[in-house]
Every structure is written in structure tokens, then in C-alpha cells.
Amino acid sequence: MCMHFCCVGSTAAEENSPLDPDHYLHVHFSDFARQRIDLLNNNYSGRPDKLLLEQRGEAYVSSYRRADPESLEVLVRKTRCETSPFIGVMRFTKRTFESNGGCPESAPLGPYHVIRKQYVTEIFRYDQNQWR
Amino acid sequence: MWKSLCRTSLLFICALVLFGVQNAVGQETRTVIEPRADNFIFYVDNSGSMMFDYRAKDGDKMAVAKDLLLTLNEDLPELDADFGVFTYGPFGVYRPVSPYERADMARAFRSIPDEFGIFGRRTPMGGDLVRADNEYISGLQGDIAVIAVTDGESNIGPRPGEVMRDMYAHYGDRICFHFISLAQTEIEVGLVEDLAGINPCSVTIQAEDLQKDFARADFIREVFYTERQVVVTPPVEPEPLPAPRVEPEPEPEEVIIFSNVQFEFDRAEILPQYAEMLSEAARLITDREDPMVIVEGHTCNIGPADYNMGLSERRAQAVADFLVEQNVDSEAIETEAYGLTQPRFDNDTREGRALNRRVELRLE
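From first to last, the protein sequence lines are chains W and C. Heads up, the first sequence stops at 132 in my numbering, and the numbers go up one at a time, no gaps. Heads up, the second sequence stops at 364 in my numbering, and the numbers go up one at a time, no gaps.
Mixed in with the good hints, there may be bad ones.
[Stated by the list, open to error] Derived Cβ-Cβ restraints for the label pairs, each shown as a range:
{"#": "1", "chain 1": "W", "residue 1": "R34", "chain 2": "C", "residue 2": "R110", "range": "27 to 37 Å"}
{"#": "2", "chain 1": "W", "residue 1": "E58", "chain 2": "C", "residue 2": "N347", "range": "38 to 48 Å"}
{"#": "3", "chain 1": "C", "residue 1": "S111", "chain 2": "W", "residue 2": "D68", "range": "42 to 52 Å"}
{"#": "4", "chain 1": "C", "residue 1": "N301", "chain 2": "W", "residue 2": "R116", "range": "20 to 30 Å"}
No wet-lab data here; the hints were simulated from the structure. Being a predicted model, the structure only gives us computed values, none of them experimental. Built from N, CA and C at the ideal position, the CB exists for glycine as well.
So here's chain W without its partners, still in its complex pose (with noise of 0.2 Å):
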């Protein structure tokens, strides 16, 4: 499976470098990657509004999923592509909780605790004045 044909014409220190922090679309990355938290928090099929609950064996699990907006990392990055001539890279924490208990009234009110941790990242590329 060939994946050259959009690469053209910028030399070796041009393609791959990341951008300053200052460029424009280093910023307007910041934006979306802020976003994107909010979205996959809202989205999450387990969430601080809506938990997840389940039955394991005799006892009840009450879990939900959080993305840290505030673990955010992001860095753009140049390519050799016209058709995407910049990716970005966004790296976040993601946590699962649970708590549990004997009935499902009771798993839901805690205390939770962290179970699962993740360095999450996510990539994307510069598409037409959007972040795809």
C-alpha cells in the first residue's frame, strides 16, 4: 500500500518540524484540542451525569470515564503533504472511576476510584481551514 503520492517538494528540516507555540495555528489547535476534551466528556458512555452501572456477580458498579483538560498537551507539526500540510497532536489523561456496591441505590454514591489511567493521543490533520 503506496501512501507518497500527496508528499511533494519540502526538504528534510521543513517536513516534521513543530511549530512555535505563538503560530497561529499552533493557538487555533489549542482551541479545537480544548474542545475535543469537552466533547469526548460529554460523550463518554459513562459520565459524571450519567453513570454507567452494571451487575458484576453479586455486587453493583457504578463507573464513569473523565478526559483532565487540564493534563492537555498539544503540538502541531508540518508534513510533506499539500493535502494535509500540518497534523496535530494532542495527548491528554484519561481516568476511569468506579465505586461499588451491594445494590444499585448504593454503588452510585461513592466513594470512587481511579481504576484504569491513560495517556490518550489523538491525531488530526489540517484539512481546508478545519482540524479533522
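Please arrange chain C on chain W, whose structure you already have, making use of the hints.
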């Protein structure tokens, strides 16, 4: 005294008005785009007459129509609505009515045949519309906009005007027909005008005007979406959950997630425009010492479970193959397919389903 009282009252009223204005001016608003219908169906003439030249532009009518549809698709905002692409003369379904995805719409438009014989390829605009209605439109929920791409010809089967009148009578306000016209003769132009005149909701544009940016923008606004300003109010915070217990957190995992790498509809080949994104992932992997990667394929809950399982398996394998081409050691890569069994996001919303259609690279 009365003058003093009047003056004071007037000052008080002015202060109230100014306060109201200031309050309104001080409020933050944002523009919300809403689709004008729940379903948009492109109904494209693919009959022999479309192989004749379109005088206003270089090329035959079919090539001109496809080019304009691709341009229009690039300008459409990301609408929360379902889109389908059908043809008539002969009847064809190039995209079933399904959530809007720009790349997939472009694929559908490109797939419409544009090289075929003229003779024997009649134009059953009305008859194929009856078929589209019986087999697809009648099962749709919500409002329906049909965008007919027509050269004003219909020369076999029921008259399109009668069919459209019947559909207006059946669906009422739920349906509206719009027209992208490649009509050239007086008779052709007359037919399009007659069809558009059935209902005042119709919007018509001549094909050569659709190429003009401002005219195309107006057409898109009039047919596809409305804008309104909404006051941004602070969200009501839900009752806070008890603070999580403070205790050592589990060892963190590294994962790279792609919920935006699109594939050809029902296929697993990676589209070229996503190569750089996947190359970046390959770079992140090869930068690690002794990388081990598990490529997981996931889908949303639309479609049968076994179909989704197969699709996620093929997509995970496509990504794994790409990583190998980018010098990731093939021995370090495993693939796992989960289909719809492990949603991370809410399948009850469009956004959630789109996020569930993802490939995850778990790094170990």
C-alpha cells in the same frame, strides 16, 4: 412639582431601558446551525440525455453535474442529518440514507456513471421517484428534502409533476423538492419551472450559477440549514459526585486513538488523506524502546453484530499493515477486533456513535 416628578420618572424609565439594553448587549451569544430537514436526498438524472453537452460550460451535463455536486459537498457544513444519493434512468442507490460524512458523500457522487450510451437510456423521472418513495423515502423519519438534479427531461412513465403532487399530498409539510437545473431548451426549462412551482418551499438554481461562490452559498443556506443566535448560559452543574479516594493511581497505559480516520463505505482500505496521521502514530511507536502494539478495531452499534465484527477486524488489519509499511516491526503488532462490543461512548447520540467508530493502538 409635577415637572420634577415627570423628569424623575423619565430618568428612571431611561435608566431601566439602558439597563435592559446593557444587559442584552452584555450577554454572550453564539451561532447555531440547524439542518432544515432530517433527511436530504440527492435524486440525480443519470439518463441518456445527460450525455449531451451543457452549453453554458465545457463538458456534457453528467460531468458538469458531478463536478458541481462535489463542489457543493465541500461547502456543506457538518450537519446532523442523514443524506442519501440516488439516480434515475436507471434507478440506483449510491449512498443509502445515513448520517452525513463528507468523504463518503464525495465517494457516492464520484461513483455515479458518467460514460454511457445515449440511446435506449430513457428518463423515467416520475417512475423512479415512485420507486425511491416506495423503497426508501416512505421509511424515513422526520422531514425530507429531495434535491433533484435534472435537465428537465422526463420521457417515460408517470409524469414527475403528478408523482410530486401525490408525495406532497401524502407527506404534507414534511417534504420539499428542490432543483439543480441543467435545463436548456424552452420545454426543459418549462418542466423544471412547473415542478418547482408545485410548492412554494422549492428552491431552484441553474447549474452554471451553482458554480458561483455566493450563489452556491445562498443555495446551501436556503436548502440545507438555518442559523440562529442563542444566548450562551452557563451550564447547570450537576450535583457533584463525592471526591474520589486519594490513593496511588494504577500504572498508566499509553493509547493512540483514531476516531477520525475514515474508510470507504463498507470497506477497510485507508483513504490517502489519513496517511500523515498514521505515519505520526508509527513515529510515536518506533520512538519507543521495544514497542509492542495491539491494534483494536471498534464500531458503533449500527448494523448486525457479526458484520461489525468483520468490519472492525478488517480495519484493524489495514492499520496494522500500514504500520508495518512504516517500519514498525510486524512481530511487535497484534490485532484484535471488538466490533460493537466495547463502546466507550454513548451510542444514543450521533456524536457518540461517531466516536465509537474508532481504531485504538494500545502500546505495551
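Range hint 38 to 48 Å (beta carbons of W/E58 and C/N347) holds or violated: 28 Å, violated
Distance restraint hint 20 to 30 Å, applied to the beta-carbon atoms of C/N301 and W/R116: 22 Å, holds
Taking the beta carbons of C/S111 and W/D68, is their distance inside 42 to 52 Å? Holds - the Cβ-Cβ distance for C/S111 and W/D68, about 43 Å, lies within 42 to 52 Å.
Starting from the hint 27 to 37 Å, judge whether the C-beta atoms of W/R34 and C/R110 obey it. Check passed, 35 Å falls within 27 to 37 Å.
The structure does not agree with numbered hint 2 stated previously, though it agrees with all others.
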